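Novice: First to last, the sequence lines map onto chains A and B.
Everything in the first sequence is counted per this note's numbering, starting at 736 for the first residue and increasing by one.
Everything in the second sequence is counted per this note's numbering, starting at 18 for the first residue and increasing by one.
These are calculated hints, taken from the structure and not from any lab test.
Nothing here was measured: the structure is a model prediction, and the numbers come from that model.
Cβ atoms here follow ideal geometry from the backbone N, Cα and C, with glycine treated the same way.
Careful, some of the hints might be misleading.
Said to hold, decoys possible - Chain A regions said to be covered by chain B (calculated; three or more residues, Cβ under 8 angstroms): (1) 788-801; (2) 966-977; (3) 985-997.
As the list claims (entries may be wrong) - For the chain B half of the interface with chain A, some residues (derived, Cβ under 7 angstroms), not all of them: (4) SER89; (5) ALA91; (6) ASP92; (7) ASN230; (8) MET328; (9) THR332; (10) ARG350.
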Amino acid sequence: MLGRRGALRYLAVPPYAWLGLFFVLPLVLVIAISLRPETGPIDFDDPWQLSLMQYQIVLETPAYLRLLGISILMAATVAATATLLAFPVAYFLTFRARERATFYLVLLLIPFATSYLLRVMAWRLMLGQEGAINSFLQFVGLTSEPLDLLLYSRAAVVLTLIYVWIPFAALPIYAAMQRIDRGHLEAAADLGAGPWSRFMRVTVPLALPGALAAFFMVFIPTVGEYVTPSLVGGTEGIMYGNLIQDFFTSAANWALGSAFSVFMLVVTLVLVVVALRLVDVRRVAT
Amino acid sequence: MLARTRPSHRRPAAIAAAVGATILLLSACNLIGGEPQELTVLEWGGYEIEDFWTDFQEANPEVAVEFEFGTSDADILGLMQAGSPADVFHFYTGWQEFYVDEGLVAEIDTSKLTNWDAVPAEMQALGQVDGKQYYIPWDWGYSSILYNTDEVPEVTSWDVLFNEDYAGHVSMWDDGPGAVTVSSYIHGYDETAVTDEQLADIEAEWTAQKPLNIHYWDSEYENLCPEVISGDIWVAYAWQGCFSAALAEGVPVAYANPEEGRNSWVGLYGISADADSPELALEFLDMKLAELTCENLVTQYYYGCPRTDVMEGITDEFIIEVLSIDDPTVLERTNFTPIITAEQRDAWTQMWTRVKAN
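The following block holds chain A by itself, in its conformation from the complex (with noise of 0.2 angstroms):
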């Protein structure tokens, strides 16, 4: 008869299968696919040869790295404000909500039973030069004509994906808030320090791991965004993300669309190791 621990390994097997067929396997096969030397669909029947003429390619390209850099500062822009922007949305739920901190919550997630192309979709509809933004900018006189940088801009781009991300940066955030000791808080104020001096001293700290979490989740996926950019971007708001869905698609070349995937994946690995090096969260929180 299997023991406890024995009956948890197995139940293991399936999310351990699920990840090492759908998302192990994929990742060799795309690091399989980016060090061929061909252009153009690959076939697989041909002879595997091993050459890195795609890295190269990526790497010799100033073009390319320059853009690579411009959607890691677009992405650390969007993490940072959607994290900011949360922080107070998760202090509310967790310590002024009260009880009706579930209902918040779920109006908070509401956003999510829609599809996001609609989401992002009704962006273009607010940004756009009749939009609801320049719309309201002209009624209350601040403009006197539509504003042309507001839809298919950088700018553009970046709000939009704040917006999207707000509500998922809340819930690390909230989760981390909901584990903090309120005797830590009451000690605080029995010791004299105020509402801010608690805030910033006992609450901050302590939520930070979950705003480290928070933002790592927004950052990662938004290196490698496509959608919004082709949404909303324009040709100013064309991210790297852009470059790797034109190489599967209408480039057909998928050898140099790995190549330009795998460095973006090994590019914001080393950025997300650096970063948690440069802040211990340990320490910080403790």
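Since the structure of chain A is provided, determine the placement of chain B on it from the hints.
Specialist: Structure of chain B alone, referenced to chain A:
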């Protein structure tokens, strides 16, 4: 209480016999009927509508036609290479050789096509590679400059796409070979033999042109036409479908006849080398060329059709204007999309990604 029946050794044998007979019967039906009664078509979104295969449907009501979709020529080629189950696939001029080189397409026996004689020889030739007929031509149309006549005076050259007066109201097609084509027209390059230096110049001029665009469009009816109709786009590389859509909405637009000539494209259908139903596929292609299906393409969707008799029978002034049917010189001023090599396709698309990345 249910009465128990006596176990019988005959029952399994009887069941096996019945199953065997059924299988034999089904097999016989299949043999009698010829091929399986289903057909898969790898198409572009929007082309699955019944108007576009109405004759086939009428002649073969028992056949289930399934559609799979590709988003670009490269995507369709990729799907075919990845082993798409499609019996029939649809792509556009410039990509004919790739399917032949990769062994993905079957040669067509045109003697079995009842509508083939209605297609002029020049159109038939577009479906040939090395003298063999691999494809049938179907939809055709133009690429040119679509412009808003309230904002832009008469356009006489493709170089209007580079005019800074229209900054923020230009939209170029998101396509590397398309960009090379436009530059070749403007500078008089031989499109089929663009040198490395010429390609570098093309890259530089499109990089400089990039800020003029509101965006690069990749879907005619999703992010080109709506903004031509709303008045945000004044100058665009466009197909005539968008011109007709904007005209129908009462937008003041014109479709240029540039001095360098318009571009013309033709859609082609091929039969997969691995088709499960090659005979049905051939009939599907034949019925694509049938009169009513062909006519639907022209009268309902304003694309050209390869049948001369159908095109000559068009009396609608609107369609005549859109397709320049009454202009006897239009062919002389039209540049047909050439067949490009895999190396050219790759170099041109990479050039375009660098433009986009800059």
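Novice: Next step is simple, just say for each hint if it's right about the structure.
Specialist: Consistency of the hints with the structure:
no., hint, result
1, 788-801, "holds (count 5)"
2, 966-977, "holds (count 6)"
3, 985-997, "holds (count 6)"
4, SER89, "holds (5 angstroms)"
5, ALA91, "holds (3 angstroms)"
6, ASP92, "holds (5 angstroms)"
7, ASN230, "holds (5 angstroms)"
8, MET328, "violated (31 angstroms)"
9, THR332, "violated (39 angstroms)"
10, ARG350, "violated (28 angstroms)"
In this structure, the hints that do not hold are numbers 8, 9 and 10, in rising order.
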